[in-house]
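Chains S and Y, in that order, are what the protein sequence lines are.
Going left to right, the first sequence walks through residues 0 to 209 as numbering that gives the first Met the number 0 numbers them.
Going left to right, the second sequence walks through residues 0 to 209 as numbering that gives the first Met the number 0 numbers them.
Hints listed in this document are in silico derivations from the structure and should not be mistaken for laboratory results.
Given the structure is predicted, the values throughout are model-derived calculations rather than measurements.
One or more hints might be untrue.
Copies of the same chain look alike in the list, so a pair counts if it works inside one copy or between any two.
[Claimed, not checked] Within a straight-line C-alpha distance of at most 27 angstroms, the following computed DSS-like cross-link-like pairs (lysine-lysine) qualify: (1) 119 to 33; (2) 119 to 151; (3) 101 to 135; (4) 119 to 144.
2 protein chains.
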Amino acid sequence: MGIKSFVNCVYLVVLFVVFQSSVEGRLLLLKNNKPDRNNAAATARWLVSQNSWGVLNTISLDLGGAPFGNVVSFSDGLPDGGSGVPYFYLTTLDPTARNALKDQRSSLTISEYPLGTCGKTDPENPSCAKMTLTGKLKVIPEKSKEAELAKKALFTKHPEMAGWPQNHNFQFFSLEIEDIFLINWFGGPKPITLDQYFHAKLNKMGAIFE
Amino acid sequence: MGIKSFVNCVYLVVLFVVFQSSVEGRLLLLKNNKPDRNNAAATARWLVSQNSWGVLNTISLDLGGAPFGNVVSFSDGLPDGGSGVPYFYLTTLDPTARNALKDQRSSLTISEYPLGTCGKTDPENPSCAKMTLTGKLKVIPEKSKEAELAKKALFTKHPEMAGWPQNHNFQFFSLEIEDIFLINWFGGPKPITLDQYFHAKLNKMGAIFE
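In isolation and in its complexed conformation, chain S is listed as follows:
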């Protein structure tokens, strides 16, 4: 291979690498489109809209009243416009729904870590956002308008739910939020009122709040 051909070849390899990096770069850009950390309410809504699963906690009477966390999928709306209300699709074959029907006290805990925007920061480092929404876990009445909303929100983000066995008696639940605990930087939890949370403004993309 002559020098000129070698240079051409290196050029091709570089082009290939740049192409790969640019694809990854765009993904990174998309992921990084998170609100300014000083806007706590927007950060909270962003975490809820971007995560597809979390840990839903209830009081377990079977386990001596212990707090029982369970991995669940959730959705607060369509990908381009969440409502901030987390909806769930649960069966009483699982302890969480059974617990909630006896005692509605509950919390949903989510992390920024699985979104991939914390980089190499430790998941417990305050600069990697974490949030707990505490409130009441309630069954949504069948055939209500809210049940339709929950179904659309969940089945859009979790398509396989539409095919889950009917005889398992899945029901739609919502978390009626009473308290918001958010840490997304040093200096302790950020105070957020329900009003601030539910009225955080959408940015131009619709999906991400600022």
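Here the structure of chain S is known, so what remains is to put chain Y in place on it, guided by the hints.
Coordinates of chain Y only, in the frame set by chain S:
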């Protein structure tokens, strides 16, 4: 560029791609090295040894006795030999440690989903493993042998912890497990005794249990 040079060049690009794929392939192989799903105890130990963070749940007196989940980092030992006991490094500046000092009832919830081995399966699908260890969250006495174990386990998997501010009074905690809830396939939770859990066998790699 002549045909021969072109062929050489294509060869180089192909080599580059093969190299990249093999690196990814090895990572995939490592991730997929999970125990047979019928070995519930080994699966439980694998989940604990492979996850670096989870949701630690306590009873919040500040929030009317609600179950309060919090994102935390944990470790059950060195990467090549976990003990099955989850250790934590917590400060009472955070509600979880404060709650535990008043009421030790607690659970740790982890998922296979962030490990990347569930593929496109929904995080709530029973074939994507999820586990809740329920028990008592206890402070480990300072300068004890267990404190040394916890420190080594945590600081090895979470190196930045060694530099966390001393005036935040971080303490080592352990979860004294009383109940194991594991779902890793259809058909409901798998019964696992503490004895089965703590005596699950290491495979030849040391890190992964079978």
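Going down the list of hints, with the structure as the test:
no., hint, in the structure
1, 119 to 33, "both (17 angstroms within a copy, 24 angstroms between copies)"
2, 119 to 151, "between (35 angstroms within a copy, 20 angstroms between copies)"
3, 101 to 135, "both (11 angstroms within a copy, 23 angstroms between copies)"
4, 119 to 144, "neither (43 angstroms within a copy, 30 angstroms between copies)"
Hint check: a violation occurs at hint 4 only; the rest are consistent with the structure.
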